[in-house]
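Visitor: As a plain string of letters, each chain reads:
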Amino acid sequence: MEMAPTSGIVEIDVRTDEMLVNMGPQHPSTHGVLRLVLRTDGEVVSEATPHIGYLHRCAEKIGENLTPRQWIPYTDRMDYLAGMNMNLGWALAVEKLIDYDLPEKARHLRVIIAELNRIASHLVGMGTYGLDLGSFSPFLYAFRERERILDLLEDACGARLTYSYLTPGGATADLPPGWLQKLTGFLDQFEPVILDYHALLTNNAIFIKRTANIGVMSAEMAIDYGCSGPVLRGSGVDYDLRRDGEERYTSLYAGYAFEVIVEKNGSYPRDHEYPPVPSDAVLGDCWHRFYVRMLEVIQAIDLLRQGIEKYSQATGDWGTPIKLATKLPKGEAYLETECPRGQMGFYIVSDGSGSIPLRARARSSCFCNLSVAPELCRDCLIADVPAIIGSLDIVMGEIDR
Amino acid sequence: MNFLTEPVGLSHFLAVGAFLFVTGVVCMATKRNTLGILMGVELVLNGANINFVAFASPYFREDNLGLEGNLLALFVIVLAAAEAAVALAIALNYYNNHSTIDVDKANELKG
Amino acid sequence: MADYFSTWFPEGWDWLGWLLAAIIQAVLLLHVIAVGAVVFIWMERKIAGRIQDRLGPTRTGGKFGWLQTLADGIKLLSKEDLMPRDADPLLFKLAPYISLAASFTAFLALPFASGWVGVRLNIALFFVIAVLGLEVFGVILAGYGSGSKWSLFGGMRQAAQVVSYEVPLGICVVVPVLISGTMDLVTIADQQSGLFSNWLFFHDPFCMLLFWVYFTCGIASVNRAPFDLAEAESELVSGFLTEYSGIRWSLFFMAEYGSMFLVSGLAAILFFGGWNGPIPIFFWVPEGNFTLETLANLVGLGNFLLKAVLGVVVMMWVRWTLPRLRIDQVISMCLKYCVPIAAFCFLGSVLWTALHLPFLNDVMPMQARGDVREGWVQDIDNEMQQLEKRLATEAYELNSAVEGGPQQEAQTSLEEDAADRVALIPTPQPEGAR
Amino acid sequence: MSGKQFIERLEKRFGDLVARVELEAIDPWIEVEPGGVVELCRYLRDAEDLRFNYCNSICVVDYFEPDAKKAAKTAWSPHLEVVYHLSSIQYKTTLVVKVMLPRWKDGVPGQLPEVPSVSGIWSTADWHEREAYDLSGVWFTGHPNLQRILCPEDWVGYPLRKDYEMPLEYHGIRGR
Amino acid sequence: MTNFPLLLAAEINWHTVFFYLTSFIACGFALAMVVSSNVVRMAFFLVLSLAATSGLIFLTGAHFVGAMQLMIYVGGTVVLLIFGVMLTAQQAFISMKTKAGDWILALIVGGSLLALLTQIAFSVPAWRSSDYQARLQAEVTAAEEEIIAAMAADNRTELTAAEAAKLRPLLAKVKYGQPELTSQVGLGLVGVRVDKPELDSLGYSGYLLPFEIVSVHLLVVLVGAAYLARSKRSAVMQTPEGDAR
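Sequence order for the protein chains is X, A, L, S and C. According to our numbering, the first sequence is numbered sequentially starting from 1. According to our numbering, the second sequence is numbered sequentially starting from 1. According to our numbering, the third sequence is numbered sequentially starting from 1. According to our numbering, the fourth sequence is numbered sequentially starting from 1. According to our numbering, the fifth sequence is numbered sequentially starting from 1.
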């Protein structure tokens, strides 16, 4: 091949015209009212730009006009799939500002409630991810189990979606009698069912084909973009606020044994019972993000079992909610908690003049997680866009606030 | 209704073939669109095909072409498909280089 | 049937009989699609419900919600028929009819029991596959004509998918043709009569493998999950169906369910003996007994429907279990797996047949495959027998006329006969009337 | 490293750019002059023993009391604070950096106060700064794409300013 | 009955009716294709025209060729065409207007060509109508009379093998047209001429060679088309002198 020309000609595929396509805000797989503007060349997406704000409800502005306890229902409506965790974050931030010490029983109650809601939230995340990839049945299986969690939460606080249960100072009520037995019953029934989900999704050949090595995000990139939660840990960053967060938050989990779900040396904690990492999967791809979420459900079950034991032995009461018009001291407090979708931070600023804060700010985890989407969706196929967006597991209520 | 009671003859088929042929030719002549011209070619081949099959049919002539006509028609069909593939590829290539499929603008010989 | 009806009408008007027969058959076939769609949609909902741990429709029409589809249909009929402003009105409106027409036309040559077929073509299989391939045309037109980008994506995907999958599908159906030596579907199925071991599925190991390739390609070519990329709701909203509503939308659905049934029915005929069940009913029926033959055919019809519906159920089962593939994976699956495996099985089957190697087919042979000939050969055999009798009678009459009666009379009777025979000569008729 | 040491080190390196240090607050914070924010942040991110590589949040607090009577009683003069919450994944530490800005540039209402963008340091700052611009009206100079993110493109005003008034109508929709 | 011309249907030749029906569809859509300026509509009309043509081919008795036309022409070619259309689906390319001069010129040339061809088509009187039925009937009658005479002479009730062999193809023609055509086509393609056995003895190999040539041709065309469709953009890349050689 002496004569073969070695330069000059670059072969490219058929040149077609670029097309701008609106994915959303009324699109089945954008999880609410997200709008993605895709610049496509045939089936290949060359650029995806998220446009958000369709669900903006001025929560922060409202927060500047209400007392902290009055703002609790608004936090419910941020990540409406994990309202309890939102409540918890805001309650802790306010408690940090007014320096309130929690009774022990209230501490365990908060762990139980938060972890239970984490399971419910991950179930929805898992089910809708299956839906994004065209598999309808896991979604209904997930909702079947979530229904039972919602029943439990309804027993506890009377609401099924927007709970307003955990408030600064504790909770609005104690857990009803017999609730812990019900919870134990649910956990016993639920734990083996998880294997079904693994069979239908995690370990399914088509599922692996659709998610492995798609939307790969390096650890540096995840940190740079402020990703958090399963998205961050799916990229192999060993960081979980329940262990690494502020003292006020980690003290809730003091005495609980749990391992942060992150890949170490090619395997996950406790993954021996569950499907192994497929050979196609690359750390930081959609599959890993999904798997972290699935394992966090197991982790939450462990925590719940420990919490049930601790709660039934704990002394003290479930805490008294602070008064509606408690005067806030001058100062400011920022606190992040580990919510199902990542680190949800609340920032409260008070000038000491009354019970209404000067500024209430919610730092949204999904907001940051979504900001990676344009990077991840570069040069992928149209079918990969739902797979990537779904693996970020966003809730528009939290992004738009 | 006399013409409906008479059996059709070879001429009728030839006339239809001729019509399709001429339509194809007109299509080729008038369309500025590469794809339109390609479709004209298809129509021309189709018209020719009708002639082959008609001549091969025992319904019209005793000394018909028989098998030869049918086989030729088959070859025409297959080659037309091949021709369409190549012509489409050329059209695509042309579109890639010129950003148009208007043949009137194809006045240079380099790709 | 046509012959029977044509006796109702006076000389020269027997075409009315053919017309009547044709209309009856067309209506029957239309019902296969229309009623089939109704049943299948209900079934899909019930099956999906059961798979997903819920009940599916329960109330409409009393028990089991069996009137649910009818209620849905009425709702769809009364829905406003919307058309987007940017749509191409002609193509947008015609597209669903083209899809349905293609699906319906293919049923013309699909037999439901021995001899119970719209048109008995001796290239029936080829015809069915060719017409089935036209269904994509409606989808492409819908995708383009809707004037929506999602629809366009759907249409393009469908085009790419169907064009690729026609290749392995073609290779798959050629193998039964090769073994049977005919493209006449009735003959192919009749050759498999007898015990279930006579089914072509058990002809050789390659056929066993081939059936799964065929079924995969069939699912892909009728655009069902996991290959339903053209209407992938999580990616393309609804693909080519995005802009459709009301009756046009339901026409597409009828076409889809029609093709699903067609593909599974074809699978039943090609690989599972069609109407020949596990029990060799057709063997016990004495030749020429019309009532018994009809009864056996009725049982065979049920048998065939059962097999075809089973195939449809499997398609539904697959749909509600698996996630969807990506377009590049669908195409590469076709080119990397389906085509090579199908080609390999093709070669394997050819060798197996050529070398007369024994397999499950030969465990309990019920009849020699070669005895069953194509429809027209059988028919002509029968005709020849009748002709022989008639000629013998005439020869006898001729002899007796020569000996005794006036010759003039015989001559006229011959002429009359000739006039009778004119009717035999084909003024090629509306094909559906046979 | 104790807080004091850390502050000394910063002051030694950046001199007057570090305007104020508050170690007694619930979340200790340092105040930086607007001009030095990029430099400081880059240092915070890159220094081997600091590694504040994770930007949690960027938000703006508006210190302003629209009611003149109450305004007289406040302990502060009207201003904006841009608050950067940083943390280090590696060392599990957090830090709050503040930048004080006038409410309007040069005191002219409508002229947005400016602060250099840190989106080149943390990519996540891109969206946070867009949000801050959208809701609080701070112009981040050097930002690649400073557009409204939550409100529509043609929205008027900055909702999280204390003197913000809802527009009377927006595209035919009544606002108040 | 004569008062209602339509009721003369009793004498109508249905072959003719279907011929006119399909040929009008074919010609009508071909015409629509020429008139239309939208590429996708053109493709749509072309498909309908081609499908109607396959109906015409069915009417000549060549079922296999007709199905082939349906499958390859309509199914294959047009999907390819539509692909091309979609790749270039932009308003500017969808419809391109033709100059009036071109139209007039094309119509004059086309019209005269059509007139000429039609003239030629109808110039042979024997082609204007078909005596197939009469011919076939005569043949059948002759054969039958001959056989009846033979049977009467021999006083037997069964046909001899030779007689049966003579009657069978006639009967097949009467009942089915040309049912054996499909297998003849197939065998012809692999080199065996059933219809003209004398050719075999002369050493002709039927259509095996053309068949093989067409197969290879198709392969070449596929590869060539795939190659052509990739566009080569000559990006001037800086390459070291030594490499260029």
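What the hints contain is simulated information worked out from the structure, not anything from laboratory work. Some hints here could point you the wrong way.
Selected chain C positions facing chain A (Cβ under 10 angstroms, derived; list incomplete) [unchecked claim]:
hint, residue
1, Met68
2, Gly110
3, Gln133
4, Ala152
5, Ala165
6, Leu171
The beta carbon of each residue, even a glycine, is placed where N, CA and C say it ideally should be.
Visitor: A separate judgement is required for each hint: does it hold in the structure or not?
Guide: Hints and how they fare:
no.	hint	verdict
1	Met68	6 angstroms, holds
2	Gly110	4 angstroms, holds
3	Gln133	7 angstroms, holds
4	Ala152	30 angstroms, violated
5	Ala165	19 angstroms, violated
6	Leu171	15 angstroms, violated
Violated hints, listed in ascending order, are 4, 5 and 6; each of the other numbered hints is respected by the structure.
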